[in-house]
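Peer 1: One line per chain: the protein sequences are R and W, in this order. Numbering of the first sequence is given in the working numbering, commencing with residue 1 and proceeding in unit increments. Numbering of the second sequence is given in the working numbering, commencing with residue 359 and proceeding in unit increments.
Derived from the structure by calculation, the hints contain no laboratory data. Any given hint could turn out to be false.
Some residues of chain R that are not near chain W, with every Cβ distance over 10 Å (derived) [what the hints assert, rightly or not]:
(1) L69
(2) L93
(3) P104
(4) G278
(5) W308
Covered stretches of chain R (in silico footprint by chain W; criterion: 3 or more residues with CB under 8 Å from a CB of chain W, positions within the stretch not fixed) [said to hold, decoys possible]:
(6) 39–52
(7) 74–88
(8) 105–111
(9) 309–321
(10) 334–344
Glycine residues also receive a C-beta, built at the ideal position from the N, C-alpha and C atoms.
Protein chains: 2
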Amino acid sequence: MAARTPPEAAGAGTASAGTDPGSDAPAVLPGGAVTARALARRLGVSQSMISRAFSPGASIAPAMRARILAAAEALGYRPNFIAASLSRRRSSLVGLVMGELSNPFYPAVLEQFSQALQAAGFQTLLFTVPPGQEADAALPLLRQYHVDAVVVTSASLSSAGAAHWRGDGRSALLFNRAGDGPTPLDSIACDNVGGGRLAAEALLARGRQRPAFVAGRADTSTSREREAGFFAVFAERGLAPPRRIEAGEYSYAAGHRAALAAGDTDGLFFANDILALGGLDALRHGRGRRVPEEVSVIGFDDIPMAAWPAYELATLRQPVAAMVAASVALLRARLSGQAGPEPHRQRLPAELLRRASL
Amino acid sequence: MAARTPPEAAGAGTASAGTDPGSDAPAVLPGGAVTARALARRLGVSQSMISRAFSPGASIAPAMRARILAAAEALGYRPNFIAASLSRRRSSLVGLVMGELSNPFYPAVLEQFSQALQAAGFQTLLFTVPPGQEADAALPLLRQYHVDAVVVTSASLSSAGAAHWRGDGRSALLFNRAGDGPTPLDSIACDNVGGGRLAAEALLARGRQRPAFVAGRADTSTSREREAGFFAVFAERGLAPPRRIEAGEYSYAAGHRAALAAGDTDGLFFANDILALGGLDALRHGRGRRVPEEVSVIGFDDIPMAAWPAYELATLRQPVAAMVAASVALLRARLSGQAGPEPHRQRLPAELLRRASL
DNA sequence: AGCGTGATTGCATACGGATGCAAAAGCCCT
DNA sequence: AGGGCTTTTGCATCCGTATGCAATCACGCT
């Protein structure tokens, strides 16, 4: 079965001479592009066969495929994804819209998404949304690149933008964000309400009497949902509602300010870890309060710093890996047309990590 | 409201249906793609004109361009980048290869790069390299997507991989990494040697007698260069060389361990901030040493956490914005063929930030 | 040996735009 | 009014693959 390489090759001089890694690449144009046609001519077959050799499940004899793949390897041929995308009307590109990369939670999300997408055969086209802006601005560009799907994380997408996207028959997914209002988009997020409840229960179990909640950005579903869960527990038990402090944004500095303004509280639940870390520092270094002796602090996300000895922050861990896996699975289902028309909304449970700050 | 597209909006009915009687060609296909040809037919002009209307500097009458752009706006036409890339032999995509996103320094780099590239008309194709792996694995894929250039950050690229890339006539840029050995690649990085020197001088000026250096990954140029600069100052002054501790990797935990193993030192220079933060916590919480009274600590990078009250870490700030700007400028120069064949290597100075830990 | 079938392969064309070249318009001047 | 030019347009082709369809091939069976 030894794949015979046509010895007659093309040119005379450099012939096949084996692919010597030491020397510069020969026989290949300086432009570097070996096309399927060139390979085909070389092997005396049609360009179609080259294409089929690289298409899993295509109609092609095993021997032929082996011969082509070997030759491709030798000449350094790889299908041009751009051309393939045009022809196949599918780019294998997924647009990833991100904001708030300054919150360490998101780089982790980004990394896992990137890996998962790569593993699933997609490439990641990254868009960064400047703080405070909506993701809508990225949509036209994403459309021009004909991405197969869009994942919007940590940024908001207006209903109009969402509708527009859907109108194109493309797939969009909100990650860690719920659609605002009747947005007909898929979404995968953490069970923020449940997480808020766990936080409330933990503080109550700890015997805290004067709890408080520090809200993040008011226009984020994460903050609102965590708040709702937190307050619900107190309401259900007939307890006075916790105090509520508005941090306004998800930043260390905002958390710091919020804690300084928190007044007399003995249990703080912050909308996320970055806020909580700022708050923790403010309590200890700014107000001289002892944590957890005098005040309990709970955050949300479980960013790496939460586990550092300087903080030992109790928090609600988001199941990022599972959320990413679910997202990619959903995208694949959508792209293969297996998912129904109704939006898929999934919530994964948060887990309470009890650390020293509680 | 979304732009509805009445079939006879502009022309007197597309009823003429011009070309193909077999398949109806509605102005807007269900897929959502309005093509240049459709728009052209609609306006009674040639497809070429549509293309030119969107090409700055193309030969087209201002009035014609305005008419086309208006119609495009109304119908939601946008040039298909995939098709344009194929035709123009240029994708406007830049591959960004990243690793170590767990080091907060890199998300910031990523964000700035993404923004700068977007502003320069490029899109970012992101590749994530799992820790410990070389960036080489991403190259074939990047080649298949015909990216215009590659930026490799916080990951290493083998000489072979580099040479291969160059052979294609493509442009590659090492960011914050020097080429290993005779790598003929462009590189833009911080002046790590100079930064190391500044650290040494700062510790000496502080009167520290038993300095130590905590190295990061041995295979990174950043760690080696910072170390070289640090040691050079002592050597030049005829002082005993500082103690050297091998952290092995750039992580909080490694820094923590290194500080615990640091023995009797009164001045620690860590290869980067993440290590330094781990070290700081180990010194304070693990060994009960007071910083800066008993020990001075200096890091490198200036990640956001370094400024937090819990740390107040003195560090060497990398001029990220300037480095990114220089990188994008270089890429543009390369792509427009303005840069010479010799690799461009640039070093931007680090700035010492004196904070409480010094 | 002839035929039926399923497996392979080649052909031709589509995907959506960009662009060299030549035809068609304008413009200015004598 | 006609000639010499400069703009504008349209035409035809190309970019590199994928794929429907028809042509071939390889075999097993009667």
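Peer 1: Determine for every hint whether it applies to the structure shown.
Peer 2: Hint-by-hint comparison with the structure:
1. The claim that R:L69 is not at the interface with chain W holds, since no C-beta of that chain comes within 10 Å of its own (minimum 14 Å).
2. Its beta-carbon lying about 8 Å from the closest one in chain W, R:L93 breaks the requirement of being farther than 10 Å from that chain.
3. At roughly 6 Å from the closest C-beta of chain W, the C-beta of R:P104 falls inside 10 Å, breaking its exclusion from the interface.
4. Not every C-beta of chain W lies more than 10 Å from that of R:G278, the closest at about 8 Å, which undercuts listing it as non-interface.
5. A beta-carbon of chain W is positioned within 10 Å of the beta-carbon of R:W308; the least distance is around 6 Å.
6. Coverage of the segment 39–52 of chain R by chain W is violated [criterion: at least 3 residues with CB-CB distance below 8 Å; count 0].
7. Counting residues of the segment 74–88 of chain R whose beta carbon lies closer than 8 Å to any beta carbon of chain W gives 8, which meets the minimum of three for the stated coverage.
8. Only when three residues or more bring their CB closer than 8 Å to a CB of chain W does the claim for the segment 105–111 of chain R stand; here the count is 5, and the claim holds.
9. Against chain W, the segment 309–321 of chain R contributes 3 residues with a C-beta closer than 8 Å to a partner C-beta. That satisfies the three-residue criterion, and the hint holds.
10. Judged by the Cβ-Cβ criterion of 8 Å, the segment 334–344 of chain R is not covered by chain W as claimed, because only 0 of its residues qualify and three are needed.
Hint check: violations occur at hints 2, 3, 4, 5, 6, 10; the rest are consistent with the structure.
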